[in-house]
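All chains, please: the whole structure from these sequences, using the hints.
Those protein sequence lines, which keep their order, are chains V and L.
Counting in our numbering, the first sequence runs from 1 upward without gaps.
Counting in our numbering, the second sequence runs from 1001 upward without gaps.
Some hints here could point you the wrong way.
Facing chain L, from chain V, some residues (calculated, C-beta under 10 Å) [as the list claims (entries may be wrong)]:
| no. | residue |
| --- | --- |
| 1 | Thr66 |
| 2 | Pro70 |
| 3 | Trp230 |
| 4 | Gly236 |
| 5 | Lys304 |
Please keep in mind that the hints were generated in silico from the structure rather than gathered at the bench.
Beta carbons: idealized from backbone N, C-alpha and C, even for Gly.
The residues making up each chain are set out below.
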Amino acid sequence: MYTKYIIVIAAVVIVALVSAFMLSYLWMPTGGIGSRGSATTTLTTTSPATRVTTTLSGVVNGAGATFLNPQMQAWASKFYELTGGRIQVNYQSIGSGAGQAKFREGVLDFAGSDPPLKSDIYNEFKAKGGIIQFPVIIGTIVIVYNIPGVESGKLRLTGEVVAKIYLGEISYWDDPAIKALNPDLNLPHEKIIAVHRSDGSGTTRVFTAYLSKVSEAWKSKVGSDFTVSWPVDELGNGVGGKGNEGVSAAVKQNPYSIGYVETAYAYSTSLAIALIMNRDGNYVLPTKEAVASAAKALVKVLPKADEDWSNIFPDQTVDPPGKESYPITSFSFVILRQVYDDPVKVAILKEFFEWVLTDGQRPENIVEGYDPLPPEVAVIGLDGLKLLRTG
Amino acid sequence: MMDSEKIFLLFLIVFVSISLLIVAGIVTSLIINSYPIFLRDGFSFIFKSVWNPVKEDYGILPALLGTLISSAIAISIAMPLAISLAIFSAEIAPTSVRGFINSVSDLMASLPSVIYGLWGLYVLAPILNQYIMTPLHQYLGFIPLFSTKPIPTNLFTAGVLLAIMITPFSSSIIREAYNAIPHHLKEAAYSLGMTRWEVIRTLLGYIKSAILAGAFLALGRAMGETVAVAMVVGNTFTLPRSLFDMGYTISSLIANQFPNAEAYSYMMPALYSGALVLFTIGLIINLAGLYWIRRVVTRG
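Pasting the structure below:
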């Protein structure tokens, strides 16, 4: 008689417990599962950054930028292997904004983010013991196009022309401004479909920072942000794609379109890539050399890890000088507090990110579509990590 | 000792109040979280067409219209399909095929929407564009509905994809209702000398309320669908002028903008109030539906 109800009730209780467990995992308090591991560890001196000889063990939790995710997973699993499974780095890909917000709430040990912290948030942290933020990897944004008959690497564009296309001021491929850059190409009288990201994204933030830097009109009319109000949409010639995959699909499906994506997506979907004129007046493709040259040219303008980056990146870092430099490169950042309660956590974070910034930048540890930091830029993070302490 | 009746009732009350509390909690948090934008902009927020995070200026009219248009397309395509599918599987298909059709249709209803989204983006959108939208625009472009030169992702594609997604769902509701019709009614109809078509028509009249319920539930699902729509709707924040215009829906706006919304002061409230508006519309449509169903039922 009762058994039926008892079974039903037991089932409900089990479901409730399981979902409560899953929810608590989502809103994991600092350390959460990780702190259990670290409580029993023995702390030894940190090893030189080039070798992983740690006897530390434990878990650290991070989350943030989706762009960083594949690379961070690759690093984390390689590091897990190298430490013989003693150090586990968890990274959840929840978006830069959400990562920063959760980090601010104290839920995460570190945040991954495409943009660095905004000024007011940086100051808030500074008052509470300080933070460090440093680039860990380079991402490159390429301009892709779909013009039947025009092969990849043939179309030449300047930042100003790209800005005018997205402003809706240039609407046809045979516009005199485009023809002047490409006298050898037979460009059709077809409407340009301008594809952009529809979701808020660090990619858009960097791309629009570039357009703002090279075009006064763009700067005053549109500006730069994760999402902007695209003037070309008003004319009915704009398309929004969700994510890099949405943009590349839209460019692929719409003849006579143009778009911007992270390098990896341009190669994996074999879209045509445009040559962009850099600050020195040369037309460049996003090759490894062009990207490295751009990063090296930036060393002078980049701040220290404990300084405020918000005015520097990406507004000052796009369109760098240098004969070979590719103009639209972007960093992905890792953000850490300077002070942690748990000495083991400090040691693990140091150990892991020192490895990321040294051996982690070797070609075999870099996922396709990303570019490694030149040592001159990696050193910013290495210096910053020295500030981590227990308190 | 409490008797089993009382224990049963007690548990019912507990569980019912839990689900009511959850709904109340959702509504409360929607209101609290969207409050700042209503405080700043008032209701003009609903009737403005702008999404400019740089200037922290938000208005959701295009998304609201996009939601209504794409769900209207979806429901008008899905209902005939759903009714036909239900009748075919309940009345016409041989018993051996019936089980197969039903399980395929149930499987379709339970597929994750991201699969529909990817399929819609890579397969459905190009096909629709080439064989349906472009010819419609070429030959009937003078009709305002088809006046925009189509590109594969737009409101129409979103509507068709939604129709495909909700058809099996409402079809199974209608099928169950049809199968639940007392057998003697059918026999009585045949014994009066009705043809098969006449019998089906009569029986459909008998389950009118279930058909309407199926339609309203499907409509609710179409309006709330997020990921799949975000992939195929075009995602441009402009007021739609024709069916082939790209657009936005409230759910796809939330899906697109939520991850980085916390970087702004007013985007979170704007998205929450979008959700509140969607919730309110859903409520109104459901209430209207209930009222309508009751009228239909009482009229017989």
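Cross-check of the supplied hints:
1. Thr66: Constraint on V/Thr66 satisfied, holds at 7 Å.
2. Pro70: Since the shortest Cβ distance to chain L is 17 Å, the answer is violated.
3. Trp230: It holds, given that the least Cβ distance between V/Trp230 and chain L is near 7 Å, below 10 Å.
4. Gly236: V/Gly236 check passes; min Cβ-Cβ to chain L is 7 Å, inside 10 Å.
5. Lys304: violated (23 Å)
Of the hints listed earlier, those the structure fails to meet are numbers 2 and 5, in rising order.
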